[in-house]
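Engineer: Residues per chain are reported as follows:
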Amino acid sequence: MRVLLRVLAPLVSLAVAALGALLVVEVVAVWAGWGSGAGLLVPWRDWRTSLETTLWTSPVVLWTAVAAIVAGALLLVIGLLARRHDVPLTSPSPGMTVATAPRVLARLVGSRVRAADPVTAATVTASSRSVVVRARGRGDIDAEVRTAASGVLDALPLARRPRLTVRTAPDQPTSRQGVH
Amino acid sequence: MATPDTRSDDAARTVEVDTGGGPPPPAGSTAPTGSRRAAKIARRARHRSARGARTGLVLLGAVLLAAGVLTVLLVNGVFGENRPLRPLFDPLIAQFLTAQDTPARIVAIVAGVLLFVLGLVFAVRAVRPEPRPDVVLDDGAGTRIRIDAGAAAEAVADGAEGLPGVTRARARMVGSNAAPAVRATVWIDEDAADTTVAETCRRLDAEVLAQVRDSLGLPDLAVAVRLELDSVRRDRAPRVA
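Those protein sequences? They're chains A and B, same order as listed.
The opening position of the first sequence corresponds to residue 217 in the working numbering, with each subsequent residue numbered one higher.
The opening position of the second sequence corresponds to residue -2 in the working numbering, with each subsequent residue numbered one higher.
If you are wondering where the hints come from, they were derived from the structure by calculation, not from laboratory data.
Glycine included, every Cβ here is placed at the ideal spot set by N, Cα and C.
Check each hint, because a few of them may be wrong.
Unchecked claim - Selected chain A positions facing chain B (in silico; Cβ < 10 Å): (1) P226; (2) V243; (3) V244; (4) V293; (5) T306; (6) S309; (7) R354.
Unchecked claim - The calculated lysine to any residue pairs, modelled on SDA-like cross-linking and capped at a C-alpha distance of 25 Å, are: (8) K37/B <-> H301/A; (9) K37/B <-> T270/A; (10) K37/B <-> E187/B; (11) K37/B <-> V276/A; (12) K37/B <-> R377/A; (13) K37/B <-> R299/A; (14) K37/B <-> P304/A; (15) K37/B <-> S228/B.
Looking at chain B on its own, in the form it has when it is part of the complex (with noise of 0.2 Å):
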């Protein structure tokens, strides 16, 4: 899940963009920053992030699989000949809980609450749909263009499917409200798919990508796009020559 980022909108507007089809500029070299930047920003915008979900499950699974082991450990013998004959809630634990009753109920109630909120926010988060953001235009003199997220990244669809070999594009914006992105998906020919890919690539940023960026206003407006294949031609012809 993107989070929101709190650097400023002005300097990030002000700084150029390439958008001359020139190769990516090399990693350590002085780049600026906006362009890395929108690079980022870019890589988030591929596919919605479930960095959360598989953090938390390896978490969960770590924690689960070493008190398994412990167990085993503990149940053979390897912390003390005696450990095993001891029953699982230990008098002593018993004795000093007794004895600390007041710390102890407290940081039950705080373990508890933890763990409440923690597995809501989760929850929340992963059954949450991801969010479109709109693009706010903001000319800084009082007055703000709200553009439709669905509009905003149609522009991009439309432009792509007037690509040759194109055949149909599809396209929604994903991230934040101060970061917005494009995410489109292009399908393209088939049968001339790996010749076009990247002549297709190099006009979708030249040509309309160049054009999207500077209608609304966001040179530094980042795409993903994921291309696919369209058979449609290949259904027509003859499935036996």
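Bound-form chain A, shown alone (with noise of 0.2 Å):
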């Protein structure tokens, strides 16, 4: 979304600006006289002709329409996601921020209950607000992997600690260690 958003803002603005250049050109060409036939640098009469003759109901009128709302609806979910995503822990003092990325929080995390001995794989999934940890094991992991990952969050400074909820489930043979 941040790398969609950084390619769509300057195309965007461009096209714009564009709109804006040829609306003055073609107004000031009509008022200076200059443009005799369809239009200066666009065809603008022909558009005009075609804009009297089409009624509201023909199809083309909605197809446009249904155009603009996915168009709009998407640059709203573009503009609206965009968003960082970072985990922010608590500083020290107030001329220093300390942030890190919610990767960093979930490989932390998942170091360590991998380091649990009756664990075999684990997956974790972090944010600022939530922390997911799915395992698999040998016997009745949940409470050694519960431990493991509560012990990362209470000794990393996070500004504000996310919720903790582990799934587990029995060892199976083809088992394959998890991602980060």
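Work from the hints to combine the two standalone chains into their complex.
Structural biologist: Here is the structure:
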């Protein structure tokens, strides 16, 4: 989303600027009496003719409206979702902020959970609000996984302690090691 | 994007900044305005703000969505049964524009110039690299010492690299000339990360930053630290135990 925002922002801005420039050029051309044909840069007189003859009931209008709804919804979603997902840590003084990536939190929790003996595989998903650990192992590993994961969360100076969710399953012979 | 702070630099410099490593004062307490300003600058320095681009996209998206929905409603006769049977460019509007042609043209030109200027400003803001302000020390006696942005940031990075548990560090200046700040990325050793993070942060603030702030003569220099994990040692260990 962030990359999309960085690409879209200059392109959309340039399109808006081009639209404004065209508008000014065409209006000035009409006023000064330069444009004799359909228009100076764009054939806007042809466009006006078709706008004057097309009725609201024609299918083109409906399809254009649907396209506008889809494009508008996409832009809204991109604009609203392109947030940073940093995990804030407590800072020792007001002039300093400390933050880390959710990936770092997940890696730390994951390596501590996997270090526990009966755990054979673990997957961790982390954000600043919640940490979800999915682990496989021999026997009842729920308590052990929970202890290891909360140990990391307690040791880290997190600004807000995320909610810890542990899901465990008995080991299967074909289990693979989980991702970070 | 950080906007230049218009407050006077001198006023900010006289304010004491607590570097003793105490917890941040709770919100709503009578904290000195200088710390609040430093906190604000540090928050801004965490990453390049994309608020302008996001607001613009959300606005444009909302306008497109509203136009599309209104058109669908109009086509379905919500605004009157006869409305959809008229042309898109209604003769009534055409008559009105022909009668008022000079005001209509002026409005169109003003709107065009506005769109052009706003579009260009946003495009330039989006593609311009983030500025790296130099640190200017002004003695007030006609002497100005300019510290290169790279040198000032390197002081922070070098100091951070000297801390135990830190494998490497990188820093750069961000913000404006009136409110410079340091954005630092600190890689810590993964094996001991959870136990050393708190201590590393405390020493970074109490020792490294205190020294840098002191030597640069900027007691309220704001710093945004980003912690990353370094897996150098892990790679060196045998993969099969």
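Engineer: Can we keep the R354/A interface hint, with Cβ of chain B closer than 10 Å?
Structural biologist: R354/A check fails; min Cβ-Cβ to chain B is 17 Å, beyond 10 Å.
Engineer: Would you mind confirming whether the straight-line C-alpha gap from K37/B to V276/A stays at or under 25 Å?
Structural biologist: Since the Cα atoms of K37/B and V276/A sit roughly 51 Å apart, the hinted pair is violated (cutoff 25 Å).
Engineer: Hint check: K37/B vs P304/A, CA-CA at most 25 Å. Holds or violated?
Structural biologist: With a Cα-Cα distance of about 15 Å, the restraint between K37/B and P304/A holds, given a limit of 25 Å.
Engineer: Would the hint linking K37/B and E187/B be met if the CA-CA limit is 25 Å?
Structural biologist: Cα-Cα ~30 Å, so violated.
Engineer: Classify the hint on V244/A as holds or violated, based on whether any CB of chain B lies nearer than 10 Å to its CB.
Structural biologist: Holds, because the Cβ-Cβ distance from V244/A to chain B comes to roughly 7 Å (cut-off 10 Å).
Engineer: Does the CB of T306/A sit less than 10 Å away from some CB of chain B?
Structural biologist: 7 Å, holds
Engineer: Is the shortest C-beta separation between S309/A and chain B less than 10 Å?
Structural biologist: 5 Å, holds
Engineer: Hinted pair, alpha-carbon criterion (25 Å max): K37/B, R377/A. Please report holds or violated.
Structural biologist: 23 Å, holds
Engineer: Given the hint that K37/B pairs with H301/A, does the C-alpha gap stay at or below 25 Å?
Structural biologist: 19 Å, holds
Engineer: Does V243/A pass the interface check with chain B, least Cβ-Cβ distance below 10 Å?
Structural biologist: 5 Å, holds
Engineer: Is the straight-line distance between the alpha-carbon of K37/B and that of R299/A 25 Å or less?
Structural biologist: The hint holds at about 19 Å.
Engineer: Run the distance test for K37/B versus T270/A: straight-line Cα separation, threshold 25 Å.
Structural biologist: 55 Å, violated
Consistency note: the structure conflicts with the earlier hints numbered 7, 9, 10, 11 and 15.
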